[in-house]
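Protein chains: 2
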Amino acid sequence: MDKSKRTEISALGEFKLIDRICASFQTEQKNTVKGAGDDAAVIDAGNKYLLLSNDLLLEGVHFDLTYFPLQHLGYKSVVVGISDILAMNGTPRQILIALGISSRFSVEMIDSFYEGVHAACKDYHVDMVGGDTSASVNGLTISITATGDVDKDKIVYRSGANVNDLVCLSGDLGAAYMGIHLLEREKRACNGQPNPQPKFEGYEYILRRELKPDARIDIIERLAQNNIVPTSMIDISDGLASEALHLCKASNKGIRIYLNRLPIAKQTYAMAEELHSDPVVAALNGGDDYELLFTVPLSKQAEVFAMGIDVIGHVTAPDSGAMLVTPDGQEIELRAQGWK
Amino acid sequence: MDKSKRTEISALGEFKLIDRICASFQTEQKNTVKGAGDDAAVIDAGNKYLLLSNDLLLEGVHFDLTYFPLQHLGYKSVVVGISDILAMNGTPRQILIALGISSRFSVEMIDSFYEGVHAACKDYHVDMVGGDTSASVNGLTISITATGDVDKDKIVYRSGANVNDLVCLSGDLGAAYMGIHLLEREKRACNGQPNPQPKFEGYEYILRRELKPDARIDIIERLAQNNIVPTSMIDISDGLASEALHLCKASNKGIRIYLNRLPIAKQTYAMAEELHSDPVVAALNGGDDYELLFTVPLSKQAEVFAMGIDVIGHVTAPDSGAMLVTPDGQEIELRAQGWK
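Chains A and B, in that order, give the protein sequences. Oh and the first sequence: position 264 is 264 in the working numbering, straight run, nothing missing. Oh and the second sequence: position 85 is 425 in the working numbering, straight run, nothing missing.
Simulated from the structure, these hints should not be mistaken for lab results. As the structure is a computational prediction, the values presented were derived from the model and not from experiment. Treat each hint with caution, since some may be false.
As the list claims (entries may be wrong) - Once the Cα atoms are required to be at most 30 angstroms apart in a straight line, the calculated DSSO-like pairs of lysine-lysine come out as:
#1 A:Lys-30 - A:Lys-154
#2 B:Lys-374 - A:Lys-34
#3 B:Lys-494 - A:Lys-30
#4 A:Lys-34 - B:Lys-388
#5 A:Lys-154 - B:Lys-374
#6 A:Lys-48 - B:Lys-374
#7 A:Lys-212 - B:Lys-527
#8 A:Lys-30 - B:Lys-492
#9 A:Lys-249 - A:Lys-154
#10 B:Lys-462 - A:Lys-34
#11 B:Lys-527 - B:Lys-589
#12 A:Lys-30 - A:Lys-152
When you get a sec, could you build the whole thing from the sequences and use the hints?
In C-alpha cells form, the structure reads like this:
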C-alpha cells in the first residue's frame, strides 16, 4: 500500500482493519494451534489447549467514570476477559491486568477497582497473576489478558457451523445498551445540580447489565453436563448482528435469524419506549451483552430448550446470505457496525 | 482503607502500589505456579512452564510520535513483551497485541506499526496470535501480551540470588535514555521550522537503543549453551537501580554494585557531556535498556567473562543493604525511582 496515502480507518471499518492485520501474519511456532481471528488464541499445552485473549478498555470509549463505579469497572474488566475464553468452550483460569493511571486517580480509587477485580476472581474462580501499572496522560487504560484451557476434543471455534444447525443464544439482548442510554440521560439531567438525584427506579436490571454483567460460565458448565459441544460459538461484545456475521464468515455459511425470537427484556422495551428508540436496534447492534451465541445440530433441539436456551434461527447455505426474517416473512440483510 | 480519603499515588510510589495490588490476591487454580510479582506469570503446562506477561505502552508517556516512527514502535512493542519472557530464562513463543486508535491514525499508519511487529516476530521467531483494535479518544494505546515456555528445572525467578553470587549485566546502560534526550532536544530545535534538519550525526547508537532496541534472546541462548542457569534474573526496563532493588527484595539479600564497572557506551558519555547531564544517573535510572540483570554463583566467573558479560557487583547478606560503591570505596544507598 502507498505510504503517502491516507485512508481513514472509517473508510475500511473495524472488522476489515482486523482482517487486514490478521491476514498479514503467518505462524511458525509448532505449539501455535490457532492465531488471530477467533475469540482467543489457541496454544497446544500437551494434554489440553491453552486459550489466551487480550482486551483493552479505555476511558471515554468503553466507560465513563461519571457514573461507572470503579469497583464495578474492575469486576466488568474480568468479565470481559473471561467471556472470550468461554466463547471457545474453555474454562477460565488466570487473568493479568495492566493499568495506565493518570494523576486524577488516588490510591483509594485504584483499591476500589481491584476490589471489583477481586470479587470477580472469586466468583469465577480465576487467579489474578499479573498486576502492572504505568502512568497515563489521559484517564484510565485497562488491559486484560485472560487464560483458560479446554480439552482438545471440546474446543469450539467460530468456524464449525453446519447447514441446518440451530442458532442458540443465552440470555437477552440490548439491555446493557439501554442501560448506558439511561445513565447518559441522567448524567445530562444531573449536570451542574448541587444534589443530583438520578432516576433509576424500575430500571435496576438494565443498569446491572451494563455496570455488572455476568460472564456465562453457567452456560458452558451446563452444556458440558448435557454433553453438548456447540459446532460454533462467539461471545456478544459488539452486538448480535456483527457476531452472527463473524460466525457466518468463519464457517462459510448463511444464517436466518427470526426477529420475533430475539429475547429482549421488559425493562429494555420500557426504556426504549421512554427514549423513543428501537429495542430491536439495541438487540442487534447495542453490544456489551456478554451472552453466548452458538450453533448446535438440529438433533440437540430438545436439550437446548430444556436448558432454557433460546433458539433464534438456523444456519443456511452460504449463497443464501445472512438474513433477518421479519414476523411477516420478509428477509432483511444483516449488517454489522463495529467502531469507525 | 478509608474510601473518603485521597492518597496521591505519588505519596506511595509505583512499586509500593504494585506490591499492594499483588499482596491482595491469593491464587486458587492448581496450575498457577507463580502469580504477580515477577517479570512474568508462571503456569504449569504439563512438561513445561508457560510464561505470560502483559505490558502497556501509552502515547505521551512511553513514546512521542513526533519522532518515533510507527514501524519502530511496532518492533519495540514486541521487544518489550518478549523481554519479560527472557527475564524468566524462557523462550518467547507468541504475542497478542491490542491497539486503541484515535481518529488521527490512518490505515497506512496502522500498517506501518504492524510492519514493525512483523519484522520483530520474524527476528525473534514469535507468532502474532491476537490482533484486537478499538477506538480511542486520546492517541495510541498499545497492549502487548507475550507468552513463552521454559523447562521446569531451568526457570529463573527474581528470588533465587545467594550471598556471594556475581551480579551480571548484558550490554550497556543509559544509552536509550540519552537517545530520548537527543530526540527531545532536536524536537525543540526543529519546532516550527519549515525544513527541519535534526542533527543526529555521531549518535546513531543511542538513537537505535531508544528507537529499535534488542531483546537479549542471544544471552538466554548462550547461557543455555554454557549450561548456566542464573540464580536470579530481571530485565532492565525501569533502570538498573530499581531492578537491582527488585532482585534484592525478592531474594531477601543485599547487593554491592561498583560504579566504575557500569558499562556505559561512548556515545552515551558524549551525549551526556553535550547536555551537561550525568551518564551514571542515566545508567542507574534511565531505563528502557532491555538488558538482562542476573546473578550466577561465583564458580561461573570464568564462563560469564568468556561470554563477554560484565560483572558489576556481588550479592551480600540482607542486613548490609543495597549499595553503590564509588571508585574510592565509599558506599551510597541504592534508590529506585519508578513513575509517580
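Hint-by-hint comparison with the structure:
| no. | hint | result |
| --- | --- | --- |
| 1 | A:Lys-30 - A:Lys-154 | holds, 21 angstroms |
| 2 | B:Lys-374 - A:Lys-34 | holds, 26 angstroms |
| 3 | B:Lys-494 - A:Lys-30 | holds, 21 angstroms |
| 4 | A:Lys-34 - B:Lys-388 | holds, 20 angstroms |
| 5 | A:Lys-154 - B:Lys-374 | holds, 27 angstroms |
| 6 | A:Lys-48 - B:Lys-374 | holds, 20 angstroms |
| 7 | A:Lys-212 - B:Lys-527 | violated, 45 angstroms |
| 8 | A:Lys-30 - B:Lys-492 | holds, 19 angstroms |
| 9 | A:Lys-249 - A:Lys-154 | holds, 21 angstroms |
| 10 | B:Lys-462 - A:Lys-34 | holds, 18 angstroms |
| 11 | B:Lys-527 - B:Lys-589 | violated, 39 angstroms |
| 12 | A:Lys-30 - A:Lys-152 | holds, 16 angstroms |
Checked against the numbered hints given earlier, the structure breaks hints 7 and 11 and satisfies all the rest.
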